[in-house]
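Chains A and B supply the protein sequences, listed in that same order. With the working numbering, letter number 131 in the first sequence gets 1423, and the count goes up by one each step, no holes. With the working numbering, letter number 321 in the second sequence gets 801, and the count goes up by one each step, no holes.
Just so you know, the hints here were simulated from the structure itself, not pulled from any lab data. Because the structure is a prediction, the values reported are computed rather than measured. Ideal Cβ positions, reconstructed from N, Cα and C, are used throughout, including at glycine. Each hint should be verified, as a subset may be incorrect.
[Claimed, not checked] Once the Cα atoms are required to be at most 27 Å apart in a straight line, the calculated DSS-like pairs of lysine-lysine come out as:
hint, chain 1, residue 1, chain 2, residue 2
1, B, 665, B, 682
2, B, 636, B, 511
3, B, 821, A, 1409
4, B, 845, A, 1506
5, B, 840, A, 1409
6, A, 1478, B, 863
7, A, 1307, B, 867
[To be verified] In silico contact screen, one side only, chain A against chain B (beta carbon under 10 Å); selected entries:
hint, residue
8, 1433
9, 1435
10, 1477
11, 1479
12, 1488
13, 1489
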Amino acid sequence: MEKKNSFNLSKIISKYSLVIILVVMIVVCSFANENFLQFKNLMNVAKQQSVNILLALGAMLLISAGGLDLAAGSNLALASVVALYAYKAVPSVFLTFLVAIAVAVVCNLISGFMVTKFRTPPFIATLAMQLMARGVALYITQGQNQSGLGENLQVIGQGSTLGIPNSIYIMVVIVLAVIYLTKETKLGRSVFAVGGNEEAANASGINVNAVKMKVYAINGLLTGIAATIWLSRVNSAMPNGGVSYEFDAMIATIVGGTSFSGGVGSAVGTVIGAFIVGFLNNIMNLMGIDSYLQQVVRGVIIGGAVIWDIYFKNRKSSR
Amino acid sequence: MENTVRMELRHVSKSFPGVKALDDVSFQLKKGSVHVLCGENGAGKSTLMKVLYGLYHPDEGEIIIDGEKVQIHSPMDARKHKISMVFQELSFVPDMTLEENLFLGRWHKKNPVKMDWKRIRKETEELLAREGLDYKPDTLLRDMSVSNIQMLEILKAVSFNAEILIMDEPTSSISNQEVEFLIKKINELRDRGMSIIYISHKMDEIFRIADEITVLRDGKTIRTLAKDETNMEEIIELMVGRKLENQYPKQEIPIGEELLRVEHLTRNKLFEDVSFHVRAGEIVGFAGLVGAGRTEVMSALFGMERYDSGEIFLDGKPIQVKNIRRAIDQGITMVTEDRRKFGIVPVRSVLENASLATLKKFFYKFRSHRKMEHDQVSEVFAKVRVKTPSLETPIMNLSGGNQQKVILAKWMLCDSGRVIIMDEPTRGIDVGAKKEIYELMNVLAESGKGIVMVSSELPELIGMCDRIYVMKEGKISGCLTERELFTQREIMSYAVS
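Excised from the complex, chain A in its bound form:
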């Protein structure tokens, strides 16, 4: 009887390990600093994480399908630059979104094309894309930050509705859409099959290349939306910005339980992962920890979280 109980407990712990980490973190943080649990602070973290979460959802889909995108940060910068030029020509928010999305999707289709048609390893293909996108962004701006956002565009990343930042509404809608994609669509199911075993997915009649192209396109869509929010929040288009955002995104989704070997990942986990990282940064800022030291702590905690997760996963299926 006792044995059975302890077995169930470990099963529950392993299933909800992420939620437990998040809750423990919130509790510890709220004791460590009185400002932490304040609504304004929490919203601030959510706002900061909104761009990262969009990129992390794309990374989740790509990694689950056996790919990855090292160009996300550069694509984000390029998309925001081009979108701002478009905005300055025709000051429509809708158009800005559309142009940013179009640019990011094209960049991702180039990556996807290299991966599917020429069998380039995703690491190399997207590294090439990273250089190309960054180069174009720097060239057309000659390395200068671009400003000139109107109020209608600023409101996306800086404004609030009913006390909640607008970017959070967008993020929530996108998170729901990605949950729907992974759970309710044929593509979602195919993504995990392709990442779990490409050959077997192919031998079951799944068009592996089409699935990969679609996932890159979706990653582009998410990057484009993120680019617009980012552009609006920082109030300028920065051709030099967004560096290493792709790694922040990957960290969030890996902490959130996505398996780097493919086939396993979840949207909810990714969001939790992003918040674990976000709260970590936040509490260290609130406590005034030296920013260089913060990096060390981040590294240690991210490593630890992943090791913990792997440890429980191995226990679950050790046979």
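Mind docking chain B on chain A? Use the hints.
Just chain B now, with coordinates in the frame of chain A:
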């Protein structure tokens, strides 16, 4: 043969969450003998071996070597006690040479940084000479055949000065001639006084090399028998726990209309002018040596590989199979040869694996239809008798036989399926599950499907097929049509020149 006990296991138990893998297992291994462990997949053989090799730690029980109780916590400990293991999956680095692989992890060094290549070369050559193998020490592993690499595994195990050798299905991926050599080798090692634990599914092989046989079932030792006191039927019976009346349960099924017709199918250098047909309710066998082109022809029919010329007819109408999706939609499905590579998505659930080829059925109108998916998969699983803790269990946790049944279930969910190609459908699965696969072939044939079975095991072709085509060097060299007249000799006469 001496009769001293080399190693003994007493009341060893090992549990994993939800399953008792070993339940009070005891047996004795004698010096200078070959002890075969039999049992169906999931009987606990591999777990037992991993306990002996220090990869798992038993919950209860004792391991006794030369009369002394020992603790084996790691493969390092196992080596200290002169236990070595040859794994089922080959564990070498393909881009390294033979000698590098042989000494991997225990390289001789002149000083802490410099390798002593001369000594490595010398010892490799000595080892090779001693075992009578004429391999070159500087061959890249990727250029060696599977069976040679298998032999190297044994060489490596022996090079640790092992006296107890554990071999986990060493013949699962090598040809018959190579099996002969391996058996010879094992006999030599035994005569040198080595104690060998040998795991295998192949009955004829077991009876050729065993001195003693221990049967495991559901994690328990059922019985240990001396080879001379038993026979194949008894062992199989002990393994499955019931009498297997007839290993090949062929049913007489009325043969219907022609379903598939292949004419002059050719692909440069792989196969040439291949013509055959399959009728409803018929099981058509394809025999031939490895490399005769059987898998290549079937892959072309399934849209997995291309073909240069020839025609494929389904129900008398010519069809094009440009890709796998087209093949499936038109009614051709295929259980591929390499289950791990092409058959399963290991980390995903059995449910997802089963519905992988028919996603369209369960995802439409912008949402998933989980209940329907669940119901249909459960229904087919009941039919093919898949044993799984739940539909959410990752398929990698199932035994080989059950994985194969899930793959069959996948194709049975395809309403369009007319012809099922099965490439080595019973490879690497145990006797009981094999029979269940044969029974499923009957069920499929009875429902009017046409079955193509490619197999290297002649008894199963003879036992199950209505007609047998034999391929040799990319061409069909013979067709046997009279069931009563099938013999291994006749098939082989077409297969070899």
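Hints versus structure:
no., hint, in the structure
1, B:665 / B:682, "18 Å, holds"
2, B:636 / B:511, "21 Å, holds"
3, B:821 / A:1409, "22 Å, holds"
4, B:845 / A:1506, "19 Å, holds"
5, B:840 / A:1409, "26 Å, holds"
6, A:1478 / B:863, "26 Å, holds"
7, A:1307 / B:867, "24 Å, holds"
8, 1433, "41 Å, violated"
9, 1435, "44 Å, violated"
10, 1477, "6 Å, holds"
11, 1479, "9 Å, holds"
12, 1488, "4 Å, holds"
13, 1489, "4 Å, holds"
When the structure is compared with the earlier hints, violations turn up for hints 8 and 9 and for no others.
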